[in-house]
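Participant: Line order of the protein sequences matches chains A and B. In this text, residue positions in the first sequence follow the working numbering: the first is 83, and each later residue adds one. In this text, residue positions in the second sequence follow the working numbering: the first is 83, and each later residue adds one.
Simulated from the structure, these hints should not be mistaken for lab results. Keep in mind the model is a prediction, meaning the values are calculated, not measured. Just so you know, not all the hints are guaranteed correct.
Unchecked claim - Lysine-lysine pairs mimicking DSSO-like chemistry, simulated, CA-CA at most 27 Å apart:
{"id": "1", "chain 1": "A", "residue 1": "K284", "chain 2": "B", "residue 2": "K270"}
{"id": "2", "chain 1": "A", "residue 1": "K270", "chain 2": "B", "residue 2": "K249"}
{"id": "3", "chain 1": "B", "residue 1": "K89", "chain 2": "A", "residue 2": "K249"}
{"id": "4", "chain 1": "B", "residue 1": "K284", "chain 2": "A", "residue 2": "K89"}
{"id": "5", "chain 1": "B", "residue 1": "K249", "chain 2": "A", "residue 2": "K249"}
Protein chains: 2
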Amino acid sequence: MIAQNWKCSECGFVAIGLFPPDACPKCQAPRSSFEHKHEWRFPEEEAEDIINACWKVTYGLYIVSSIDGERINGQICNTVFQITSDPPRIAIGINHNNLTHEFIEKSGVFAVSILGTGDHRMVRRFGYRSGREFDKFKGVPIIRKRTGCPAYEGAVGYIECTVIEDKTIDAGTHSIFLGEIVGGACFKDEEPMSYAYFHATKDER
Amino acid sequence: MIAQNWKCSECGFVAIGLFPPDACPKCQAPRSSFEHKHEWRFPEEEAEDIINACWKVTYGLYIVSSIDGERINGQICNTVFQITSDPPRIAIGINHNNLTHEFIEKSGVFAVSILGTGDHRMVRRFGYRSGREFDKFKGVPIIRKRTGCPAYEGAVGYIECTVIEDKTIDAGTHSIFLGEIVGGACFKDEEPMSYAYFHATKDER
Chain A
83 MIAQNWKCSE CGFVAIGLFP PDACPKCQAP RSSFEHKHEW RFPEEEAEDI
133 INACWKVTYG LYIVSSIDGE RINGQICNTV FQITSDPPRI AIGINHNNLT
183 HEFIEKSGVF AVSILGTGDH RMVRRFGYRS GREFDKFKGV PIIRKRTGCP
233 AYEGAVGYIE CTVIEDKTID AGTHSIFLGE IVGGACFKDE EPMSYAYFHA
283 TKDER
Chain B
83 MIAQNWKCSE CGFVAIGLFP PDACPKCQAP RSSFEHKHEW RFPEEEAEDI
133 INACWKVTYG LYIVSSIDGE RINGQICNTV FQITSDPPRI AIGINHNNLT
183 HEFIEKSGVF AVSILGTGDH RMVRRFGYRS GREFDKFKGV PIIRKRTGCP
233 AYEGAVGYIE CTVIEDKTID AGTHSIFLGE IVGGACFKDE EPMSYAYFHA
283 TKDER
């Protein structure tokens, strides 16, 4: 949430994180090529207080997954909400640079696996690396139903959607995809994991 | 979250709720004029399981407020998330029929007051009636800063935004507004109220 934008001055690639990457994943330029610029519309001296207020917004933690032909991938996402109930639709926010974004754009489908309070390991597995270098679903129990997107069977439940294409918003570094719910199920009776709960317990689990 | 769409067969007005309203707020047609139709893209027999999965998505509770000239209004909203950090932007979901939606469209500004675990009274005050019939902010301590939108001073904190106009999505019964953060502050150190916490405790508080 307080990660920053780091723009590669060689190729324009934007990396998100607390620090710039060791090397540009696109053009291999070194860390020193990355520049950081804020585009804030409030005075610098208010930034800390405003960012702290942003941290008080409540989120869950989810694996958002998609497909590209035979390939499957997923990533951790905290920005998922149901936006209408009839028809049932959800909105998700996904970073432009992520492999899952590429898959969702190509396939027009995604699934949301709702993580429970015991799923710390899954947050690390799906949140800390890119599917470009690592097969995140390898060995993870999944089901694939109507859209073909993998849902993590150990989750509290899942929802799968088709993207309503003309409704995608380019929000800057992220897209908001609007999805029509076409399937879903509950898998187990465990409390959903909140982002705040994960951060409060992650060093113990 | 499981409220339904009720469409007035006289004037087309769509009311949202577990039951149709006593009379149409737009044309005064009686309750019997309201029709209910699902537009689901999954078999009816899966609906309960899918809706139960949707209930596992985590939300906070917020007062979203806006202005129209001298008038101010606010409503309870659970669909607020930060979508980018640089520049800091948030997305909110608001029902088309609400007065706050009208104000946000006219003024292009809104504020989000982040409710704390002690704010049950405020959820009822701002969530159970319309600002068309009742001055919800009367007697409520507020501050008004950069946008002029009222923030509830008893909240955990607030964020105020200008709407990025060409980014609004019409999601069906609701709009998603994308807001550029232009101000905000923390007011007190209390746990934010989650939607789940409110439902679990609302009968005691």
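Participant: Which of the stated hints cannot be reconciled with the structure, identified by number in ascending sequence?
Facilitator: 2, 4
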